[in-house]
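Undergrad: Required output: the full structure, derived from the provided sequences and hints.
Protein chains in written order, with the numbering used here: chain F, 1 to 115; chain B, 1 to 112.
Hints are all accurate, no fakes.
Which bits of chain B does chain F cover? Going by a derived footprint, with three or more residues having C-beta under 8 Å, they are:
1. 29-43
2. 53-60
3. 101-107
Interface residues of chain B toward chain F, partial, derived using beta-carbon atoms under 10 Å:
4. Gly3
5. Val4
6. Arg9
7. Phe47
8. Glu48
9. Phe50
10. Leu88
11. Leu90
12. Cys91
13. Ala92
14. Arg94
No wet-lab data here; the hints were simulated from the structure.
Even for Gly, the Cβ is constructed at its ideal location relative to N, Cα and C.
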Amino acid sequence: AQSVTQLGSHVSVSEGALVLLRCNYSSSVPPYLFWYVQYPNQGLQLLLKYTTGATLVKGINGFEAEFKKSETSFHLTKPSAHMSDAAEYFCAVSEAQAGSEKLVFGKGTKLTVNP
Amino acid sequence: KAGVTQTPRYLIKTRGQQVTLSCSPISGHRSVSWYQQTPGQGLQFLFEYFSETQRNKGNFPGRFSGRQFSNSRSEMNVSTLELGDSALYLCASRPGTVYEQYFGPGTRLTVT
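TA: Below, the structure is given as structure tokens:
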């Protein structure tokens, strides 16, 4: 079964600083990987996805992630943090079974952006 | 296109009662999945429906059930509520041909 580990349940950065949220996965097949963001009292919004092809994927709001098979990682980065980036971020891997797709999520990383 | 909608947004129930939550997927999306989010367990998969058939089920007791209608709208039901069922229940839809899922705002269930 697939699994996802997010290192650091809380990350704090200053406004304008680099954001780096770490995600490692375990998968027996080529993975489909996702990053979602959740703002307070809201659902999950898709930031970006990796399925096949280019290993550096760009998402919304200036975020990007790089798929590294050798390291089984899919870390999320943003060059310059903005106050509006404060939220909880979830890394997920898609697990396929008999035509069904379910997402297996990490525990989440809460990002705080300090002025 | 309108996003995934879930009703109600908030619910307060008493132990032993049952509850039904509703989800309307994005127009044209035939797959609907349900997830439970709690502080302790995180996000856990409940089940997926496609064309009115349950295709996959997570590791939850039989008190949790669901169904999908011909218009792709879905409901989930929890019977004999327990305190531990207090959670944010999220519904997600996808067209069925792609892997990313689009989530609704969730229903916050509180069991007292």
